[in-house]
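S.K.: The listed protein sequences derive, respectively, from chains G and C. The opening residue of the first sequence carries number 1 in the working numbering; numbering runs sequentially from there. The opening residue of the second sequence carries number 1 in the working numbering; numbering runs sequentially from there.
Wrong hints could be hidden among the right ones.
[Stated by the list, open to error] Restricting the straight-line Cα-Cα distance to at most 25 Å, the calculated cross-link-like pairs of lysine-lysine (BS3-like) are:
(1) C:423 x G:277
(2) C:250 x C:93
(3) C:138 x C:273
(4) C:138 x G:277
(5) C:328 x C:393
(6) C:448 x C:393
To be clear, the hints were calculated from the coordinates, so they are not data collected in a lab.
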Amino acid sequence: MSDSKSILTNRAALRAYAMIGVLAAIWILFHIITPGHTFLTPRNLSNLMTQTAVTGVIAVGMLMVIVSGQIDLSVGSIIGFAGGVSAYVMTEMGFSMTVAIIAAVAMGTAIGLFQGALTAYVNIPSFIVTLGGLLAWRGAAKWLLGGNTIPVSDEIFKGIGNANLPVVYGWIVAGIFAAAILFAAYRRSTLTGGESGRGLAGELLKAAFPVGAIIAFIAIMNAWQGVPVPVVIFLCVAFLGAFISNSTVFGRYLYAIGGNADAARLSGINNRWNVLKVFGVLGALTGVAALIFTARVGSALPDAGTLKELDAIAACVIGGASLVGGRGTVFGACLGALIMASLDNGMSLVGVRDFMQDIIKGSILVIAVGLDMMGRKQS
Amino acid sequence: MPLLEMHDIQKEFPGVRALDGVTFTLETGEFHALVGENGAGKSTLMKVLSGVYPAGEFDGRIVIDGSDVSFSGIRDSENAGVAIIFQELSLVKELSVGENIFLGRAPSKLGVIDWTELYRQATRLLGELGLSIDPRAKVGSLGIGQQQLVEIAKALSRKARILVLDEPTAALTDAEVETLFSILRDLKARGVGMIYISHRLDEVFRMSDRITVLRDGRTVATHPAAEATKDSIIAEMVGREVKDIFPEAKHELGDVVLRAENVDVYSVDEPDKKIVDGVSFSVRAGEVLGIAGLMGAGRSELLSAIFGAWQGKHSLELELSGSPITIKTPRDAIRAGIGFVTEDRKLYGLILEQTILDNMTLAALKRVSGRVLTSRSSERQAAAEPMRSLRIKAPSVETVAGTLSGGNQQKVVLGKWLLTRPKVLFLDEPTRGIDVGAKQEIYNEINKLAATGLAIVLVSSELPEVLGLADRVIVLHEGKKTGEFSKADATATRVMAAATGHAANTAFTK
Chain G
1 MSDSKSILTN RAALRAYAMI GVLAAIWILF HIITPGHTFL TPRNLSNLMT
51 QTAVTGVIAV GMLMVIVSGQ IDLSVGSIIG FAGGVSAYVM TEMGFSMTVA
101 IIAAVAMGTA IGLFQGALTA YVNIPSFIVT LGGLLAWRGA AKWLLGGNTI
151 PVSDEIFKGI GNANLPVVYG WIVAGIFAAA ILFAAYRRST LTGGESGRGL
201 AGELLKAAFP VGAIIAFIAI MNAWQGVPVP VVIFLCVAFL GAFISNSTVF
251 GRYLYAIGGN ADAARLSGIN NRWNVLKVFG VLGALTGVAA LIFTARVGSA
301 LPDAGTLKEL DAIAACVIGG ASLVGGRGTV FGACLGALIM ASLDNGMSLV
351 GVRDFMQDII KGSILVIAVG LDMMGRKQS
Chain C
1 MPLLEMHDIQ KEFPGVRALD GVTFTLETGE FHALVGENGA GKSTLMKVLS
51 GVYPAGEFDG RIVIDGSDVS FSGIRDSENA GVAIIFQELS LVKELSVGEN
101 IFLGRAPSKL GVIDWTELYR QATRLLGELG LSIDPRAKVG SLGIGQQQLV
151 EIAKALSRKA RILVLDEPTA ALTDAEVETL FSILRDLKAR GVGMIYISHR
201 LDEVFRMSDR ITVLRDGRTV ATHPAAEATK DSIIAEMVGR EVKDIFPEAK
251 HELGDVVLRA ENVDVYSVDE PDKKIVDGVS FSVRAGEVLG IAGLMGAGRS
301 ELLSAIFGAW QGKHSLELEL SGSPITIKTP RDAIRAGIGF VTEDRKLYGL
351 ILEQTILDNM TLAALKRVSG RVLTSRSSER QAAAEPMRSL RIKAPSVETV
401 AGTLSGGNQQ KVVLGKWLLT RPKVLFLDEP TRGIDVGAKQ EIYNEINKLA
451 ATGLAIVLVS SELPEVLGLA DRVIVLHEGK KTGEFSKADA TATRVMAAAT
501 GHAANTAFTK
């Protein structure tokens, strides 16, 4: 009875393992070829994770938009504009950090909802709406900043991008996550009547890998300066995103709408409303990413976030999402973001020239999707 | 010497033996029907013949005009005179009829298309078939029936001597079917051999010289059509006797559940064009109401408008269990207790790449799973009942819907709507393109559901289905209601007369 099911789960699992394998290979390769073998050191890994955070936060939202069959090309420009708003509110208007944070996230959400409304209710394709947004919000950022950078002086605000979690807190976070995973494993083994067929021992064994990974991760981050705050934010966003897409009605509707919009509509789903919401979610997350970016740089730049939309889309696609909609996972998108950041980080360490980095990243994106298509055809 | 011989054809897919020693011959000028349940191997056999599966991917011999052939692709088979017209037409809708006929081989001078010559030849070809289709018309502007004929013209322009037709009449009106058949007879007279795949046995018996039955990848038998009967062929197809396809079921009628008055529906593309014109009907608890009519009579549009799914202009009055109700969206309809098994399960019913479970719980997700958070185990529990009662054949509920046979896919869609606990269930072409065995199961299910007090509205292009299942039949012709018959009065001739608009008066004054 469980034949095809195990084939299915195996296939999805196989894909995840393959990606983890690719990531490991990239890391080992960089570690070997970097002068002084500095890639796999706590310091660099901490740096790498921080670099992943901005792209990763957007990729989680982008994944949900892509799953629903839409696309958003404007997030890079929104980072510029929302980041500009946060700095402007503090430095030029003298408001507190809290106001700045709320302003940036609210701005991102509002823009997302606006563009979502144009897509869902005015029937303008999201590609066009957000292509317009790509230009318009970049222009808005330049106009707001008057072509200059606006520095931020609030040290706590800068901490959003630069501070680290004290070692003890890191371990507490690890404990919470580990407990949550183990509890979920326990629940699976009892509540559903053992439908997975693994039993308690099997479920715990399966949970051992993520728990081990979390402990190792915290240990490595603590070996440098503790878990960076942007990484904490990214992980929270990732867990929340995975939860929404897997375990909520909203998430299921997104997959249904992207998989077959007509069937979804005829099944009583309000496609327009859900598309509007998912653009709102991405907008809010873009606001968060803008805060991390601005805090990390310590000032708002008119060209902040340029090309970030492409990084986020690439992360989703490398992670197995289909641009037609209906397929993709938050986990895959996060791994995709980590792979993209690893390439950036590693190539910089090796000293690959700028233009060469772009060529290599572009080629890897196309090759990754090509291999994926070939794999699908065979199965 | 036969025109075509296929000897002991075997074709294996990973884990499945799709063809297990099929032998088939076709004479010059013969009309040879190939019948069998879905999955019997008809399509696979035709893909072997057309080179979709190139030589080497299957075992066995293909002989044309007495000499062995081996095709490495579709081009080879076309050059050998084989043309296949698939169920899904392969025309480019945005191009003209002439361009489609000569697609890829347009007459040209120095690489520039010679349009005058192209349309001259196209006109001649269409003329030979006795068709009055404008070769410059866009294919998309033609009806499905005419498109089918264009497809045949295209095949003939390639000098096809072996013409394979896969369910060519599935989407045609009766008049179009007649045109098609007269053309096929003409081709037969010109010596074209035809392999005709169809589920419609009436047509098979009307046209065929011989009938070959496939079952489970094997040739069961080849009969001269004159020596076979419908019952014997069906028995061979399913491997068992089908005594009575429509089991006699007495439905206990209750109160009127749904009443629709003065339904007007306008075309989405041409907002002035009325597709449904002032149709009224009602259906009682436990009743099966059949809606008969030809393709394009407005039957699906009628249901779609009531369900809140029609995206064009429409107006209507609805009463549910005696009280007036407004339905603006499918969600309103589902809340009110209306379910809608739409036509074309692949386009409108299923999310093919998702699992049975995902599909089945979709319309009732908030009820069976949770308002905000989903629960996989509650969904499994909810889906277990329809899985069992509908006898859906799949390894588990986690099987991907797209990998199921048509019959099982249809059952998944039916299960999806049963989970919404409807009071009224609309069924639009519920048995199209599924095999005899699965059809029968759906018929039994319809009777079972009616027995539980569900009000059922059944739209079907297969007249025997409507007559066999419905307690009452209404007939639409060009958007208007042209007849209403009780089960006793509903004969094929009366319903057809109303459906073709010939007997509008007699139907009411009878």
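S.K.: Decide if the proposed pair is consistent with the structure: residue 328 of chain C and residue 393 of chain C, CA atoms, cutoff 25 Å inclusive.
M.R.: violated (36 Å)
S.K.: Starting from residue 250 of chain C, check that the Cα of residue 93 of chain C is at most 25 Å away, please.
M.R.: violated (47 Å)
S.K.: Taking 25 Å as the top limit, are the C-alpha atoms of residue 448 of chain C and residue 393 of chain C close enough?
M.R.: This hinted pair holds, its Cα atoms lying about 19 Å apart.
S.K.: Given the hint that residue 138 of chain C pairs with residue 277 of chain G, test it: the Cα-Cα distance must not exceed 25 Å.
M.R.: Violated - the C-alpha atoms of residue 277 of chain G and residue 138 of chain C are around 40 Å apart, more than 25 Å.
S.K.: Is the straight-line distance between the alpha-carbon of residue 138 of chain C and that of residue 273 of chain C 25 Å or less?
M.R.: holds (21 Å)
S.K.: For the pair supplied as a hint, residue 423 of chain C and residue 277 of chain G, is the alpha-carbon distance within the 25 Å limit?
M.R.: violated (32 Å)
Figure legend: structure checked against the earlier numbered hints; hints not met, in rising order: 1, 2, 4 and 5.
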